[in-house]
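> Please construct the entire structure, taking both the sequences and the accompanying hints into account.
The chain contents come next:
There are 6 protein chains.
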Amino acid sequence: MAAHFLFLALASSHAIASDPNQLQDFCVADLNSDVFANGFVCKDSKQAKAEDFFFSGLDKAGDTGNKVGSNVTLITVDQIPGLNTLGITLARLDFAPYGLIPPHTHPRATEILTVLEGTLYVGFVTSNPNNQLFIKVLHKGDVFVFPQGLIHFQFNHGKTNAVAISGLSSQNPGVILIPNAVFGTKPPISDDILAKAFQLDKKTIDWLQAQF
Amino acid sequence: MAAHFLFLALASSHAIASDPNQLQDFCVADLNSDVFANGFVCKDSKQAKAEDFFFSGLDKAGDTGNKVGSNVTLITVDQIPGLNTLGITLARLDFAPYGLIPPHTHPRATEILTVLEGTLYVGFVTSNPNNQLFIKVLHKGDVFVFPQGLIHFQFNHGKTNAVAISGLSSQNPGVILIPNAVFGTKPPISDDILAKAFQLDKKTIDWLQAQF
Amino acid sequence: MAAHFLFLALASSHAIASDPNQLQDFCVADLNSDVFANGFVCKDSKQAKAEDFFFSGLDKAGDTGNKVGSNVTLITVDQIPGLNTLGITLARLDFAPYGLIPPHTHPRATEILTVLEGTLYVGFVTSNPNNQLFIKVLHKGDVFVFPQGLIHFQFNHGKTNAVAISGLSSQNPGVILIPNAVFGTKPPISDDILAKAFQLDKKTIDWLQAQF
Amino acid sequence: MAAHFLFLALASSHAIASDPNQLQDFCVADLNSDVFANGFVCKDSKQAKAEDFFFSGLDKAGDTGNKVGSNVTLITVDQIPGLNTLGITLARLDFAPYGLIPPHTHPRATEILTVLEGTLYVGFVTSNPNNQLFIKVLHKGDVFVFPQGLIHFQFNHGKTNAVAISGLSSQNPGVILIPNAVFGTKPPISDDILAKAFQLDKKTIDWLQAQF
Amino acid sequence: MAAHFLFLALASSHAIASDPNQLQDFCVADLNSDVFANGFVCKDSKQAKAEDFFFSGLDKAGDTGNKVGSNVTLITVDQIPGLNTLGITLARLDFAPYGLIPPHTHPRATEILTVLEGTLYVGFVTSNPNNQLFIKVLHKGDVFVFPQGLIHFQFNHGKTNAVAISGLSSQNPGVILIPNAVFGTKPPISDDILAKAFQLDKKTIDWLQAQF
Amino acid sequence: MAAHFLFLALASSHAIASDPNQLQDFCVADLNSDVFANGFVCKDSKQAKAEDFFFSGLDKAGDTGNKVGSNVTLITVDQIPGLNTLGITLARLDFAPYGLIPPHTHPRATEILTVLEGTLYVGFVTSNPNNQLFIKVLHKGDVFVFPQGLIHFQFNHGKTNAVAISGLSSQNPGVILIPNAVFGTKPPISDDILAKAFQLDKKTIDWLQAQF
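Residue numbers (the numbering used here), protein chains in the order written: chain A, 80 to 291; chain B, 80 to 291; chain C, 80 to 291; chain D, 80 to 291; chain E, 80 to 291; chain F, 80 to 291.
To be clear, the hints were calculated from the coordinates, so they are not data collected in a lab. Be aware that a few hints might be false.
One copy or two, either will do: identical chains are not told apart, so a pair holds if it fits within one copy or between any two.
Said to hold, decoys possible - Straight-line alpha carbon distances no greater than 25 Å define the calculated PhoX-like cross-link-like pairs of lysine-lysine that follow:
#1 K281 - K139
#2 K125 - K219
#3 K215 - K125
#4 K139 - K238
Printed below as a string of structure tokens:
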């Protein structure tokens with residue numbers, strides 16, 4: 080449930096480095112339109128106001144009372160309709176001691192992160208065949224980049240809370256949390272397939288699927 | 080080893096739907112240049128010849144004698160230097176009975192597949208929070224689309240071999256095989272992190288890491 | 080008529096290597112909307128289902144009973160609404176003995192082709208001033224690339240049927256069959272212009288225009 | 080020869096509406112580098128000077144003493160190295176009385192034209208299956224648009240010279256003159272193929288090929 | 080007022096070198112739709128006609144009876160709905176003797192200009208920290224490029240009128256006239272801020288704000 | 080001098096919302112290569128290491144001891160070569176009491192900002208003809224968006240220091256500080272032009288040019 084909240088928060092996340100270019104100063108998303116487009120259709124620009132480009136509350140810590148002890152607060156086109164067509168978003172990451180943002184990918188964005196408090200052990204993995212792991216311990220003021228589409232994680236291996244701010248290169252990069260997207264789908268992926276993929280017996284797979 | 084071959088084959092795979100546009104008729108990759116660029120630098124266009132746009136052998140079945148019973152043969156810019164800047168590639172997929180291409184993503188491409196022989200059970204998973212699984216059984220002549228960056232799999236649940244051809248929307252979309260990119264990295268991801276991410280005890284994680 | 084069918088089939092064809100990037104997991108085309116956009120507006124994503132990403136029948140040979148003895152079956156956003164925003168499509172090419180797909184261009188896509196049966200004599204022409212012809216004879220399992228926007232053709236110079244599968248780098252690359260787009264327009268291009276362009280007398284032009 | 084000059088002039092033409100974006104203020108083409116890229120590699124920006132963005136002579140009429148009585152003078156990245164990465168070019172079109180720019184396409188650009196002197200009869204053709212011809216007579220001060228990749232022509236059907244200026248949306252859109260790219264290739268396209276494509280006897284095809 | 084007219088003319092200006100690619104032959108803007116998008120939604124393509132790609136009157140001199148003695152007539156998607164999705168536009172620039180187009184930027188386009196009459200003294204400024212000024216005197220037939228987003232100006236330092244034609248690389252590049260966008264905003268920018276930014280006393284700032 | 084430092088810091092700034100897409104997992108900039116490209120050529124990917132994606136020190140306040148009382152520390156491809164091709168960057172903004180980042184544009188990026196400490200009075204101006212000013216007072220935790228290419232400013236109108244973090248949508252968006260780019264160019268813009276543009280006498284212009 081708390082975990083569910085984490086994923087909900089993550090869900091309407093990020094922004095892609097190559098969103099299509101804007102064709103006017105701005106195109107404030109009309110979140111109430113019943114016309115759906117690639118991104119959003121816009122409000123009449125005459126109706127745009129400063130509040131369309133504004134959000135309040137990124138100083139509030141997210142709730143880390145979940146299985147993984149982390150939380151992501153995303154400020155995307157869903158929170159700031161003025162971001163529509165502008166190709167970027169911000170996120171706040173909160174970690175309890177030993178909190179983890181599990182291995183995940185952003186299908187439509189690169190992430191650049193800076194640590195505001197605490198220390199983080201972070202890494203990303205190159206694509207096959209190398210599966211090379213790039214890891215780094217980050218302290219306050221350190222910055223690290225996670226290239227678009229690669230699996231990465233952030234882990235607070237310290238005894239205190241950690242906080243980070245990330246920029247992501249799309250108005251909606253999406254996020255795929257590997258454990259949930261593999262073991263927590265609706266409907267579940269057949270345990271024949273997961274057993275073969277992970278070289279595990281079906282019992283372990285069934286147990287895993289029960290967790291997510 | 081056989082499995083290794085599978086991943087090697089997968090490695091220099093696919094193509095992205097939004098590779099940057101070409102600025103000349105073609106830019107044949109100079110695979111021997113010591114200048115590295117986004118994509119490849121080109122041979123002098125005066126040296127281009129029909130062979131630069133040609134590959135032979137996609138009618139040959141790939142070796143499915145590996146743990147997962149599948150193989151992917153990719154015809155990318157590494158095989159056809161003329162593909163450089165052109166944003167597409169082809170792949171041949173071979174499956175032994177019950178062969179599986181494990182859950183994977185292409186960070187830089189959408190895939191469109193058609194079945195030439197046999198039947199495949201395929202699916203993809205939407206990004207969080209929904210983790211919705213879209214599944215379909217495909218027979219000879221059926222076509223299915225796997226949107227860019229989403230986790231998907233192809234499974235031969237029939238008693239006979241299966242063969243498919245895919246188009247992918249980049250000269251190098253990349254592939255991330257989830258089990259390998261999580262449990263088979265070099266160096267390994269700390270088992271603290273994977274145990275927490277997958278809610279498994281470290282023993283199981285260590286065992287999994289030994290498999291990949 | 081049969082020829083007309085060929086061109087109809089070709090018409091709603093292919094996909095461009097640089098379609099704008101998607102801003103969500105997918106944007107299934109709402110083919111019934113009366114709002115027209117660059118590409119298509121989307122169905123509510125909550126209504127998306129596996130069938131939106133599916134097509135059946137690419138194993139069926141197209142009707143080659145037309146003047147040029149060829150047929151193209153295209154699986155585009157019109158057949159698979161889920162392809163909208165994803166920048167790729169597949170096509171099946173059928174050739175009777177000596178069947179020809181006449182010189183044509185795809186204004187918005189590169190094509191990569193592989194031969195499933197028979198042999199094809201294919202070529203493309205560079206842009207002016209060189210007008211250099213790149214030609215190749217393709218056998219089963221051979222692959223060839225036709226760069227975006229260049230004039231190309233595929234000819235079955237064997238005594239048996241030929242079949243090929245192509246990937247194209249747009250959800251709608253378009254196709255321009257040179258003979259039809261020059262001599263078969265509605266209304267016709269003035270024969271003064273065509274006579275001067277092709278250095279032919281008006282009689283021959285008028286005769287040609289009567290053919291298409 | 081004169082005609083050859085026309086095509087040479089056309090050859091290093093135009094600019095594409097979606098050239099990749101620049102990543103610095105400018106990237107002046109280093110036309111002497113032996114490193115070839117998508118577009119051009121750049122001079123050291125410290126060496127850039129105003130002359131790199133300058134060309135002189137577009138007020139000079141082009142030589143229309145050729146078979147088609149027209150000429151195109153293009154100011155592209157080859158003439159203005161500063162245009163590299165900037166996605167646009169200009170062209171001057173000159174027409175003798177009854178001069179014609181034959182049916183052609185720009186594989187990588189849209190063209191917008193304005194008439195400075197005389198009158199032009201212009202048109203473009205939609206892609207198959209419609210082959211719809213859009214035509215317009217243009218007088219001094221009129222403007223007309225030719226969408227990217229579509230076949231179009233410009234004909235001076237008046238008794239006086241005509242002059243036009245065009246903008247094109249790439250640093251190198253390319254041009255494909257249909258008659259030359261079909262009947263004037265090196266080596267020639269087999270007359271079997273052209274006879275079948277154009278429904279003409281081989282004699283006429285051979286005669287046509289002799290013209291270009 | 081006259082000046083106001085100048086800016087109005089400039090307002091619905093230009094075109095960007097990287098407008099998103101088109102996904103069909105054309106997408107004629109439906110300027111009357113109440114659905115707003117990135118760019119414009121399209122008319123049903125069956126309703127498209129040659130007039131949608133046409134404009135008349137670029138031979139008419141613009142009114143230079145304003146404070147700066149210049150005028151810009153832009154032929155954009157607002158004047159030619161067929162330009163929608165095509166990434167380019169044309170402009171006519173008129174200058175009275177000593178007429179000036181004040182320092183301005185096009186946030187979404189590169190400009191390429193050619194002089195038809197008179198002489199112009201033009202320049203652009205690189206981004207910080209260099210603020211390097213590139214200047215050139217242009218005579219009839221000269222061409223000059225102003226890279227996307229950089230501040231530039233065009234000044235007629237001759238005793239006679241001057242006329243130029245520009246191509247710009249977007250269907251709507253926008254224009255930002257520096258003096259107006261700094262001193263003429265509604266509401267005004269606080270004179271505290273402008274005094275500090277320009278190192279001027281508030282009186283001078285207030286006087287400046289009264290001018291625009 | 081201090082001011083010079085501010086601009087130097089600003090100079091190698093930001094990232095554009097539509098940098099061209101990457102064609103491999105990453106392309107670490109080879110900052111020592113003598114081959115210049117759009118962006119940077121890459122190091123051999125085999126040589127890439129975690130440090131290429133890392134920067135340390137964003138927790139350090141920038142020096143605000145300059146005329147405008149502000150400083151911008153940018154973490155771009157120049158500081159993190161791994162950012163090359165990835166389309167995003169981060170910046171830290173420091174403000175002394177009443178410190179100002181003067182009106183400026185980013186020609187190649189949208190900016191999204193969040194306040195870490197203090198309060199900021201911020202605004203942006205739409206393009207002509209409206210010159211509409213959008214303003215907002217931001218407190219700790221507030222977020223605001225500045226659309227690509229529009230003039231904007233950030234002012235600390237409180238008695239305490241202020242700190243903000245921004246994401247920008249390019250690896251090198253560039254920055255144009257209006258006062259410096261107008262009055263501080265090398266060589267200076269002619270005072271005839273600036274006097275006419277700003278409706279000021281030449282004495283004031285000369286005085287202004289002496290300031291920058």
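> The structure should be examined with respect to each hint, and the outcome stated for every one.
Tested hints:
1. K281 - K139: neither (42 Å within a copy, 34 Å between copies)
2. K125 - K219: Classified as neither: same-chain Cα gap 43 Å, cross-chain 29 Å, threshold 25 Å.
3. K215 - K125: For K215 and K125, only the inter-copy Cα distance (18 Å) is at most 25 Å; the intra-copy one is 48 Å.
4. K139 - K238: both (20 Å within a copy, 24 Å between copies)
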